[in-house]
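Chemist: Below, each chain spelled out in residue letters.
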Amino acid sequence: MKLDLINRNLYTDSGNFIKKLHCPLKVSYTQLEQVSGDKMNCRECRKDILETANLEDRDLLEIVKNDPDKCISIDLNQSNLIII
Amino acid sequence: MNNLKANPNALPVITTGRSEKAINKAAKNGLFPLVKKVEPSKKIRSKYAVFQHKITGEIEVVGDFRADFRDHDEYEKVIDWTWYYPDPFPEPFAAYLIPPDLQAGDKVWLEDLIDDYVGSHWNQGNTYRLKSAEAIWTGKDFKIDYDALRDVCIMVG
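Protein sequences, first through last, are from chains D and U.
Residues in the first sequence are numbered consecutively from 1, following the numbering used here.
Residues in the second sequence are numbered consecutively from 1, following the numbering used here.
FYI, nobody ran anything at the bench for these hints, they're computed from the structure.
Incorrect hints may appear among the rest.
If we take Cβ atoms under 8 Å as the criterion, some of the chain D residues that face chain U in the derived model are [to be verified]: (1) Met1; (2) Leu5; (3) Cys23; (4) Ser28; (5) Lys39; (6) Cys45; (7) Asn77.
Computed cross-link-like contacts, BS3-like style, restricted to lysine-lysine with a CA-CA straight-line distance of at most 25 Å [said to hold, decoys possible]: (8) D/Lys47 to D/Lys65; (9) D/Lys70 to D/Lys20; (10) U/Lys131 to U/Lys37; (11) D/Lys2 to U/Lys47; (12) U/Lys42 to D/Lys19; (13) U/Lys54 to U/Lys37; (14) D/Lys20 to U/Lys21; (15) D/Lys19 to D/Lys65; (16) U/Lys77 to D/Lys2; (17) D/Lys20 to D/Lys65; (18) U/Lys77 to U/Lys47; (19) U/Lys21 to U/Lys140; (20) U/Lys37 to U/Lys143; (21) D/Lys19 to D/Lys70; (22) D/Lys20 to U/Lys42.
For each residue, glycine too, the CB sits at the ideal point set by N, CA and C.
The shape of chain D in the complex, shown without the other chains (with noise of 0.2 Å):
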């Protein structure tokens, strides 16, 4: 996946638009708590958040479009990720 940094839009690797990342609480990884392997769920608005660091972007993509509003993490060091 593809991240720009500057928008926060975040593509497949062939270019796809996946999401916009944005949190209206602007929740930082120390408000989240480990449910399960990669799964996490937010203090403030107890959302899950699927962590994204192990998914292939078709699989991350399905997510997303069956569930628009679905919210992910991105770690900049995560191997699977381009900084554009």
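Could you slot chain U onto chain D? The hints should help.
Modeler: Leaving out everything else, chain U in the frame of chain D:
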């Protein structure tokens, strides 16, 4: 740039040799050089643009998009915004200098990280490499303690 305070837990410090001479000097003094490639990460980047005065020819190098509001009657942008790797090292190799008494499981402070990690970022797209970090010596290599970094490097939304 480093978001962590220098050695906050006062751990033993592991230094890094960045040249053949420095590495060999350490080896002669009883330290074991754990040699690694220096491989710049594409995730570490800064940007610049160059403006040139149309009459005097003098240039001004800027790194902040807000500086783009320059008087274009007087200046011409001769190099548009360009990303580059900002931390070139003198040699393509380096070595952590391991003291002979270091034991597997020891926690240390790597004062000059060889690997590139994003340590922080700016909303104009710049990212900055982590300069130092805590790590655990496994007996063969160091395992970087990344937890302290997560709050600045994980984006949620």
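Chemist: Each hint needs a verdict: does it hold in this structure or not?
Modeler: Status of each hint after checking the structure:
At about 12 Å, the closest approach between the beta carbon of methionine 1 of chain D and any beta carbon in chain U exceeds 8 Å, and the interface hint on this residue is violated. Taking 8 Å as the C-beta contact cut-off toward chain U, the hint placing leucine 5 of chain D at the interface holds, the least distance being around 4 Å. With a cut of 8 Å, the hint placing cysteine 23 of chain D at the interface with chain U holds, because the nearest CB-to-CB distance is about 4 Å. Proximity of serine 28 of chain D to chain U holds as hinted, the smallest CB-CB distance being about 5 Å (cut-off 8 Å).
Annotation: lysine 39 of chain D was flagged as interfacial toward chain U, and the flag is violated, the nearest CB pair being 13 Å apart, outside 8 Å. Nearest Cβ of chain U to the Cβ of cysteine 45 of chain D: about 11 Å, over the 8 Å cut. The hint is violated. With a least beta-carbon distance of about 5 Å to chain U, the hint placing asparagine 77 of chain D at the interface is held under the 8 Å criterion. A C-alpha spacing of about 17 Å is found between lysine 47 of chain D and lysine 65 of chain D, which places the hinted pair at or below 25 Å, so the restraint holds.
Taking the CA atoms of lysine 70 of chain D and lysine 20 of chain D, the gap is near 11 Å; set against the 25 Å cutoff, the hint holds. Restraint check for lysine 131 of chain U and lysine 37 of chain U: the C-alpha separation of about 16 Å stays at or below 25 Å, so the hint holds. Distance check on the hinted pair: lysine 2 of chain D and lysine 47 of chain U sit about 18 Å apart at the alpha-carbon level, within 25 Å; holds. Proposed proximity of lysine 42 of chain U and lysine 19 of chain D is supported: the alpha carbons are some 22 Å apart, at most 25 Å.
Simply put, lysine 54 of chain U and lysine 37 of chain U have alpha-carbon atoms about 44 Å apart, too far for the 25 Å limit, and the pair is violated. This hinted pair does not check out: lysine 20 of chain D and lysine 21 of chain U have alpha carbons roughly 49 Å apart, beyond 25 Å. Of the supplied pair hints, the one linking lysine 19 of chain D and lysine 65 of chain D holds, its CA atoms being roughly 9 Å apart against a limit of 25 Å. Annotation: proposed proximity of lysine 77 of chain U to lysine 2 of chain D is violated, straight-line Cα distance about 28 Å (limit 25 Å).
With a C-alpha separation of about 13 Å, the suggested pair lysine 20 of chain D and lysine 65 of chain D falls inside the 25 Å cut-off, and the hint holds. Distance check on the hinted pair: lysine 77 of chain U and lysine 47 of chain U sit about 14 Å apart at the alpha-carbon level, within 25 Å; holds. With a CA separation close to 23 Å, the supplied pair lysine 21 of chain U and lysine 140 of chain U stays within the 25 Å bound. For the hint linking lysine 37 of chain U to lysine 143 of chain U, the alpha-carbon distance of about 16 Å falls within 25 Å, and the restraint holds.
For the suggested pair lysine 19 of chain D and lysine 70 of chain D, the alpha carbons sit about 9 Å apart, so the restraint of at most 25 Å is met. This hinted pair checks out: lysine 20 of chain D and lysine 42 of chain U have alpha carbons roughly 22 Å apart, not beyond 25 Å.
The structure is inconsistent with the numbered hints 1, 5, 6, 13, 14 and 16, although it conforms to all the rest.
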